[in-house]
Amino acid sequence: AQKITQTQPGMFVQEKEAVTLDCTYDTSDQSYGLFWYKQPSSGEMIFLIYQGSYDEQNATEGRYSLNFQKARKSANLVISASQLGDSAMYFCAMREIVNDYKLSFGAGTTVTVRA
Amino acid sequence: DGGITQSPKYLFRKEGQNVTLSCEQNLNHDAMYWYRQDPGQGLRLIYYSQIVNDFQKGDIAEGYSVSREKKESFPLTVTSAQKNPTAFYLCASAHRGNQPQHFGDGTRLSIL
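Line by line, the protein sequences are chains R and S. According to my numbering, the first sequence is numbered sequentially starting from 1. According to my numbering, the second sequence is numbered sequentially starting from 1001.
Isolated chain R (complex conformation) (with noise of 0.2 Å):
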């Protein structure tokens, strides 16, 4: 079955607005990790973000924030005041003690940001 759910294959937004991209997850696992990468054209990939199973608050790092409710298993990320550089394709990963500390990454949405 399918750990990580990312069902948008591509997300157009424009300049300057705030962009959501959807997560959804699967576990049994009562400790867990939800991470966000962001990957350019170039490849690598960067971190962005990280939400624990037990964290109450949401996570936030600059512009990106995470949209985490448990009961509903959704990790969703949004980026506030969208700039071109962050045309990208971005991944939802999972990590699970259960998994042996190993990610589980999603398809991956494109975002296409427009001046």
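By construction, these hints were calculated from the structure, which means they are not laboratory data. Don't take every hint at face value.
Covered stretches of chain S (chain R as the covering partner; in silico rule of three or more C-beta atoms under 8 Å from a C-beta of chain R) [what the hints assert, rightly or not]: (1) 1015–1026; (2) 1042–1049; (3) 1102–1110.
Here are the simulated BS3-like cross-link-like pairs (lysine-lysine), alpha carbons at most 30 Å apart as the crow flies [stated by the list, open to error]: (4) R:LYS73 x R:LYS102; (5) R:LYS73 x S:LYS1057; (6) S:LYS1014 x R:LYS3; (7) R:LYS102 x S:LYS1057.
For each residue, glycine too, the CB sits at the ideal point set by N, CA and C.
Given chain R, put chain S in place with the hints provided.
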């Protein structure tokens, strides 16, 4: 600067040939990982190592081999048994636990 270095950036393989992708890190991380990415797809785990001289198969280990003789190094060999090796290969490392994995810049492997 601390980081993960993958080499080469581009690699070409002939039929029946084994090729080795290099991954070196100076972050003092215990765990290292190899992923394969096909166009427009997510990452799939090939092999990982939590400690020196020990490694485990990931989801798509067939046709690949690794070694972890030093903490800093985790080379991946794509053997001739891997019939569809054309892909983008990413190496990552992390401290143990819920710490983010840090990635190298990747190696693009193609068939001649």
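Structure-based check of all given hints:
{"no.": "1", "hint": "1015–1026", "in the structure": "violated (count 0)"}
{"no.": "2", "hint": "1042–1049", "in the structure": "holds (count 5)"}
{"no.": "3", "hint": "1102–1110", "in the structure": "holds (count 6)"}
{"no.": "4", "hint": "R:LYS73 x R:LYS102", "in the structure": "holds, 19 Å"}
{"no.": "5", "hint": "R:LYS73 x S:LYS1057", "in the structure": "holds, 28 Å"}
{"no.": "6", "hint": "S:LYS1014 x R:LYS3", "in the structure": "violated, 36 Å"}
{"no.": "7", "hint": "R:LYS102 x S:LYS1057", "in the structure": "holds, 11 Å"}
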